[in-house]
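Given chain A, put chain B in place with the hints provided.
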Amino acid sequence: MSATPQTGTGQGASGGVGAYLKNNMRQYGMLLALLAIMIFFQIMTDGTLMKPVNLTNLFLQNSYIIIMALGMLLVIVCGHIDLSVGSVAGFIGALAAVMMVDYHIHPLLTIILTLAVGAMIGAAQGYWIAYWRIPSFIVTLAGMLVFRGATLWLLNGKSVGPFSKGFQSLSTGFVPDALPFVAPALGLERLNALTMLAGVVIVAVILWSAARARARAAAYGMADEPFAFFIGKNAVIALAMLYISWLLATFRGVPNVLVTMGILIVAYMFITNSTTIGRRIYATGGNEKAAKLSGIKTERLTFLTFANMGFLAALAGLIFAARLNTATPKAGVGFELDVIAAVFIGGASMSGGVGTIVGAVVGAFIMGVMNNGMSILGIGIDYQQVIKGLVLLAAVIFDVYNKSKSH
Amino acid sequence: MVPILQMQGITKTFPGVRALDNVNLTVMAGEIHALVGENGAGKSTLMKVLSGVYPHGSYEGEILYEGRPARFSGIHDSEAEGIIIIHQELALVPLLSIAENIYLGNEITRRGVIDWPETYKRTEALLAKVGLKESPQTLIDSLGVGKQQLVEIAKALSKRVKLLILDEPTAALQENDSQKLLDLLMEFRAQGITSILISHKLNEIARVADRLTVLRDGATVSDIERDAITEARIIRDMVGRDMAHRYPDRTPKIGEVLMQVEGWTVHHPQHADRQVIRGCDLTVRKGEVVGIAGLMGAGRTEFAMSLFGRSWGQKISGKVTLKGRAVALNTVSDAIAAGLAYVTEDRKALGLVLDETILRNTSLANLGAVATRGVIDANRERKVAEDYRSALNTRTPSVFQKVVNLSGGNQQKVVLAKWLFADPEVLILDEPTRGIDVGAKFEIYSIINQLADQGRGVIMISSEMPELLGMCDRIYVMNRGAFVGELTRDEASQERIMEAIMAADGRELRVGGEV
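Here the protein sequences come in this chain order: A and B. Heads up: the first sequence at position 171 corresponds to 171 in the numbering used here, and the numbers run straight through without jumps. Heads up: the second sequence at position 154 corresponds to 561 in the numbering used here, and the numbers run straight through without jumps.
If we strip away everything but chain A, and leave its shape as in the complex, we get (with noise of 0.2 Å):
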């Protein structure tokens, strides 16, 4: 146990590291489960799951719902629902298709342009909810079926494709390797040594602000974490990131739409706990009455979450498109409820005011591990679809059965 003083006010009675993770067993309880599936799959499937091609797959395959739990995260925690997401990505994917194939419009003009359309896709849907107090159940209802419609209509029922490289870059792409001479150097017959570079430089900064924020906190006398656990996460982190770093870099290094979703899952974990706009959501969701005469414009926040979540969905539109190469009526068929499932795995709340990024995106991983895992395994899409029924419903209870013990 950790020998360390404690300092600041601390969080009751945490004691050592045992104490102090029991204090915060709701953060970190999804992250262990995660660690837990990941464990079982690698043994059950005699160490395929985190073979580089695999764990590239697993990444390549779960992009488009993690871009859009993000969207989803804040939807739900400023006490909403958006059923459209799904649709809204199938329609945006076909969009493009046309727009490319049957329009020849360049691809980068058309990614931004599809991108607004999203855009304006939510923001429409948060006019109703926000400005018209509608219940967003009922008005992304009628947004799933109108563009799955859409995406009927716009396709004739037929898939439209091929695309361009340059398009399905966007998913399939690997960011090339600069450094090319390093692995003849290091006597290695494969390595992306940019990719390896890269996971190092990402681990230092990491490192770094974990060092630099904890420091600023005690300076004011703030810092709670017991100092032994600090380290011991932080190494965990790095170590994690290291091994996925060099599996990648064994690999093809990393795929494209995987700097996509780090940056987002970055630029949106800033939003959320580091802004006042971040700060103002969750508030909206905790009680919007209070936000509202607390001077809060929730209105304009409910609006600003829908047409981000718009943006975020056709983001992932586009990716899927790419990555299958095609666009076709059924893609993103249900993808709304595997969105949905991951945010409420990560300990969101459904009355709103609850969540995080970190959980949203452990949350989608779990999802989408147990799937990769139980294709592996090659158990019947029947029982995939119970097994993953079942995983919802125990973490949403696990988290209940915490906040009740916790009062």
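Heads up, a few of these hints could be off.
Unchecked claim - From the structure, some residues in chain A lie toward chain B, with a derived Cβ separation under 7 Å:
(1) Thr275
(2) Thr276
(3) Ala283
(4) Lys289
(5) Ser294
(6) Gly353
Don't read these hints as lab results, they were simulated from the structure. Note that this is a predicted model, so its numbers are computed, not measured. Glycine residues also receive a C-beta, built at the ideal position from the N, C-alpha and C atoms.
Just chain B now, kept in the frame of chain A:
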């Protein structure tokens, strides 16, 4: 006289807390027994033990009810014995009718089908007993709090109540509704129904209680007989010390005019043709505490909220001048920027984000002040929260505590902290001490005085007249949406306030105004 209830040596512990420590409570048959104590003294816990919410075996001690040991394992058991609790937060379904609510879970049926004629007949009889002139089919939604309270009591009567327990029944009621309720209790006493009355309003207790038990920190402090009941004695036993002054002293230093409201007129948000606030004029000076007295429904909260960034009503007209400059308060952020703050009467629903921490609630109305270009400085924010915690003496282990876990008085301090951090010139405090115990009330009063001493203007809305008389330099009397009187500290008295209201009512009736 025989005791109907004897609770002997009741001890109840929660992890880490001894909520009740060897508490004794004896209630005689047919009396009104008052139970008082500060918030957290253990009154509610004791009543939960009695009603079986905490089942037999989860506490130590013995309960004798009508001379026999009672071992309730749930509310159902105690209700079957005629022990009925009416909670502070009413447990009625708003969109069901009076009759449906009264017989909810206890429906009158014939072969499993609800017998509506019989239900309505019995409901009418019950409503007559409690003196409520409403149709049994009226929706609860359309009744005021006072009438809802009567429905709860009618519901208790439908269960053949022998021991009626009322938890703060008059907390949300106006003077005249409270009087009616207390009269009803005395009527029940004449019919042989025993009542336990939990209340913070000591004058009411002094009026109706036959005996009184004081709890403090989970233990019985004293049993007082009717003849010995005085407010001073109760307060001394409750807080464990003499409180010579219920209101802290202040020498007012009143300066120039800070805010002036002229001809403020507001219409109902749903019924545009209904004028709710009619041409109100109000002035607040620097360092002045101005009260607004009035009965419930007089329009005090509506006046305050419409002033605070048009948070209530529509078709609002009137002029507001702050420090000699006309200001437009079209949104809440306008009002905050102009230097106005409004501390709501309903802190749980409108004042706090309950599931958030003290820290986050404190900074909410002035997030910009702890942020640089939209990015919050976590350490600066924490410093602010810690500073207000110690300045207001908020009792909590840490500012990371969720406000839902705090007592009423500490929650109110968090709301105050939020508005103090917004640094307003004029604070409107709407029922700032509602549901708060005596000790915390004194602290809130002291804070109000400090604010006035700093040169801010304070507008205080309260239904407790002694509080207004004790705190305010000037009192406006409001009735039916208009100011009908203005009294200085020297002129003001409960009688003068009531006179002003009555006189205004009389005028209204003579000119045939709406009722």
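Quick one: which hint numbers does this structure break? Sort them smallest to largest.
-> Every hint satisfied by this model.
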